[in-house]
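Asks: Numbered by my numbering, the letters in the sequence shown go through residues 7 to 446 in order.
These are calculated hints, taken from the structure and not from any lab test.
Any given hint could turn out to be false.
Unchecked claim - Simulated restraints, written as ranges between beta carbons of each label pair:
1) Gln322 - Met219: 26 to 34 Å
2) Glu189 - Glu153: 50 to 58 Å
3) Ala102 - Glu153: 34 to 42 Å
4) Ser169 - Ile223: 32 to 40 Å
5) Ala429 - Arg228: 24 to 32 Å
6) Arg228 - Ser169: 44 to 52 Å
7) Leu164 - Val37: 23 to 31 Å
8) Arg228 - Thr329: 37 to 45 Å
9) Val37 - His110: 15 to 23 Å
Just so it is clear, CB atoms sit at the ideal spot from N, CA and C, and this is done for glycine as well.
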Amino acid sequence: MGQLVAAIFLLQVTSSWAAIFLLNNNATAIVRTDRIRRVHDVRDVLLDAYYDGGREELAHVIERDRGNAADPLVFVALAGHGPAVMSNLAEVPPVAPGGPYRVHLRHLPAGPGIDGIAEATDLADGSRLIVGAWAITERRYTLAFAEALGLTLALSVLMALLSATVLGYIISRRTHAIAETAEALAAGDFAARIGSKYSGDGFDHVRSRVNLMAERIDRLVRQLRSVAGELAHDLQSPVSRLTAAIDTAVASTSEPRVLAALQGARADAESLETMLANALELSRLESGTIADRRELLDLAAVAGDLAELYEPLAEQSGVTLATELEPVRTHADRELLSRAIANLVDNALKYGGDRIVIATRQVGGRAEITVSDNGPGIADGDRARAIRRFARLDNARTRPGAGLGLAMVAAVAELQEGALILAGEAGLEATLSLPATPGY
7 MGQLVAAIFL
17 LQVTSSWAAI
27 FLLNNNATAI
37 VRTDRIRRVH
47 DVRDVLLDAY
57 YDGGREELAH
67 VIERDRGNAA
77 DPLVFVALAG
87 HGPAVMSNLA
97 EVPPVAPGGP
107 YRVHLRHLPA
117 GPGIDGIAEA
127 TDLADGSRLI
137 VGAWAITERR
147 YTLAFAEALG
157 LTLALSVLMA
167 LLSATVLGYI
177 ISRRTHAIAE
187 TAEALAAGDF
197 AARIGSKYSG
207 DGFDHVRSRV
217 NLMAERIDRL
227 VRQLRSVAGE
237 LAHDLQSPVS
247 RLTAAIDTAV
257 ASTSEPRVLA
267 ALQGARADAE
277 SLETMLANAL
287 ELSRLESGTI
297 ADRRELLDLA
307 AVAGDLAELY
317 EPLAEQSGVT
327 LATELEPVRT
337 HADRELLSRA
347 IANLVDNALK
357 YGGDRIVIAT
367 RQVGGRAEIT
377 VSDNGPGIAD
387 GDRARAIRRF
397 ARLDNARTRP
407 GAGLGLAMVA
417 AVAELQEGAL
427 ILAGEAGLEA
437 TLSLPATPGY
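When you get a sec, could you build the whole thing from the sequences and use the hints?
Replies: Set out below in structure tokens:
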């Protein structure tokens with residue numbers, strides 16, 4: 007955006023300078039033409055006097071005009087065949103016949119040189135008539151124009167900078183709204199839309215197209231979630247019947263090889279049943295069809311109860327389970343919150359190292375519970391993918407699971423107006439951040 011503002015600024019300044027430059031050239035040409043015209047007018051009058059009365063009449067006219075100061079910007083010299091006659095000159099200029107020529111002469115005997123133009127005409131008696139004009143008017147105009155030019159350029163720069171900044175702000179605001187909506191859509195907020203009054207310009211056309219695209223994406227995602235939930239619901243009964251049939255088969259045989267195969271099949275059926283239940287629960291969470299059962303909770307108490315529940319399992323797995331609990335209150339659904347924390351602990355037991363820490367704290371206006379481990383963690387580039395449904399990272403493909411644990415935690419957090427944050431360099435720090443309720 008800075009480059010656009012700079013380009014607009016330079017374009018406006020350049021166009022202003024070009025217009026002023028052309029104006030100056032035209033005005034200077036007009037002044038120069040007028041000066042030459044005045045020289046020609048004086049020359050014609052003097053030549054008429056010469057033709058009427060000869061050199062004496064010409065000298066008389068020059069002396070007369072010098073005394074009357076008819077035109078102080080015009081100088082005249084008559085040289086040859088007698089004493090020189092001059093008006094507004096300190097010396098006879100060495101000007102060749104023809105012209106006009108640029109000259110640099112003295113107006114007064116002891117004065118500085120002044121620029122001007124002059125042309126010479128040889129007369130019939132061998133005299134030379136020199137008529138010219140000082141460039142005083144042009145110099146004054148040039149100085150005045152330079153002052154006006156400086157002021158005009160300063161105002162032009164100021165106006166160009168102001169207009170470029172305003173235009174850049176308008177463009178930045180419109181594009182920023184589009185970018186924010188695109189970021190929200192990329193983050194999974196499919197209800198995000200670009201709000202703007204109808205203006206009929208190109209930005210409004212882009213706004214309508216982006217909003218239409220977001221509407222279609224939102225509809226497709228809702229349909230996919232609905233299909234996933236309905237599919238999980240419809241498959242629960244067949245899987246339950248499959249589990250019951252396997253149990254019946256186990257009870258009717260004593261063959262070790264058959265029993266081993268049936269027990270493996272039952273374990274797979276139980277995993278499938280759990281996955282379907284989780285998928286159905288996730289669909290309900292994402293669709294928001296679960297009743298609002300939020301209540302005032304002590305996050306430390308909820309986390310402490312879960313730590314006690316998981317401590318025997320952690321000891322059995324050779325994992326040290328520690329707690330760092332600070333009292334902090336929040337409004338949340340106890341059952342959903344407990345399930346989300348349990349998923350984080352399960353995830354740490356599966357993929358973490360030999361130490362898990364459950365911590366609660368208040369950071370600003372947020373109540374946070376963090377489950378951290380010293381395992382391999384999740385790379386920065388994989389963290390966004392890890393919270394998607396059915397996401398299975400490379401280090402998890404050899405272990406049981408459906409890739410729904412972190413997705414369910416993220417769905418619970420969103421339903422409770424919170425967020426799931428994955429961080430950590432040595433291991434994984436999974437933080438469930440919720441709005442804190444004052445009270446401690």
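Asks: Determine for every hint whether it applies to the structure shown.
Replies: Hints, one by one, checked against the model:
no., hint, verdict
1, Gln322 - Met219: 26 to 34 Å, "violated (51 Å)"
2, Glu189 - Glu153: 50 to 58 Å, "holds (52 Å)"
3, Ala102 - Glu153: 34 to 42 Å, "holds (37 Å)"
4, Ser169 - Ile223: 32 to 40 Å, "holds (38 Å)"
5, Ala429 - Arg228: 24 to 32 Å, "holds (31 Å)"
6, Arg228 - Ser169: 44 to 52 Å, "holds (46 Å)"
7, Leu164 - Val37: 23 to 31 Å, "holds (29 Å)"
8, Arg228 - Thr329: 37 to 45 Å, "holds (39 Å)"
9, Val37 - His110: 15 to 23 Å, "holds (18 Å)"
In this structure, only the earlier hint numbered 1 is contradicted, and the remaining ones agree with it.
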